[in-house]
Amino acid sequence: MKKYEITDIAHPDNPNLHRIRAVTDLTEDVLAGMLGGYVESRDNLDQAGRAWISADAIACENAVVCGDALLTDHAVAKGCAYVGKNATVMGDATVQDDAIVCGGLLTGKSCVCGYAVIRQDEQTLCAPIIDGSARVYGEISGNVVCRGNAVVLPGTKLDNRTQDCFVLEDDRVSVQTASRTPPPKEPRTHDFER
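Counting in our numbering, the sequence shown runs from 16 upward without gaps.
It should be emphasised that the hints constitute simulated quantities derived from the structure, not laboratory data. Worth double-checking, as some hints may not be accurate.
Using C-beta positions, here's what the derived DEER-type ranges look like [what the hints assert, rightly or not]:
#1 A193 to S56: 41 to 51 Å
#2 S189 to D23: 25 to 35 Å
#3 D44 to D23: 18 to 28 Å
#4 D113 to I24: 38 to 48 Å
From a predicted model like this one, the values you see are computed outputs, not experimental measurements. All residues carry an ideal CB built from backbone N, CA and C; glycine is no exception.
Could you put the whole structure together from the sequences, leaning on the hints where they help?
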């Protein structure tokens, strides 16, 4: 079943990009008849799932937005980029080249590029947040925040399977420990009790 159609409304700066229109209700926020963002072809947004491109966001070239992914604001997916599952790309964030974003939040002017991989940890269900002007070329999963001017170089793999948050900000790395509730104290029996 078709969930969207490509309209004749061309992007003001690129006539190869056209707005999409929902033809069925996808979510409470995306109803039939609503205009979405821009695509270059039908291959840029999957007809299955609840994935959506909204506002002035763009998916072009060989980029694919699918699953329950959301591309919004002025975000751009281009090249052979893949945005899927529970990923949200918003603001002026960019996913390009052969990057894969399978979960998490990209916002600000962040960029995930090259052969980067961003994904949610399957055990903790924590997903990375990429914000500010951070650039990711490596692999990140789990409870990780990259912000400011942080750079994750190609070949770097950061897989956080803990509830603690690894924070990469500018040229610093820190850990924000998760609040942990100590186990309840067991009542002690004394040897002197009779």
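Hint by hint, here is what the structure shows:
1. A193 to S56: 41 to 51 Å: The hint (41 to 51 Å, Cβ to Cβ) holds, given that A193 and S56 are roughly 43 Å apart.
2. S189 to D23: 25 to 35 Å: Hint violated: Cβ distance 50 Å, outside 25 to 35 Å.
3. D44 to D23: 18 to 28 Å: For D44 and D23 the Cβ distance comes to about 24 Å; the hint holds.
4. D113 to I24: 38 to 48 Å: This hint is violated: roughly 30 Å between Cβ atoms.
The structure fails hints 2, 4 (numbered hints given earlier, in ascending order).
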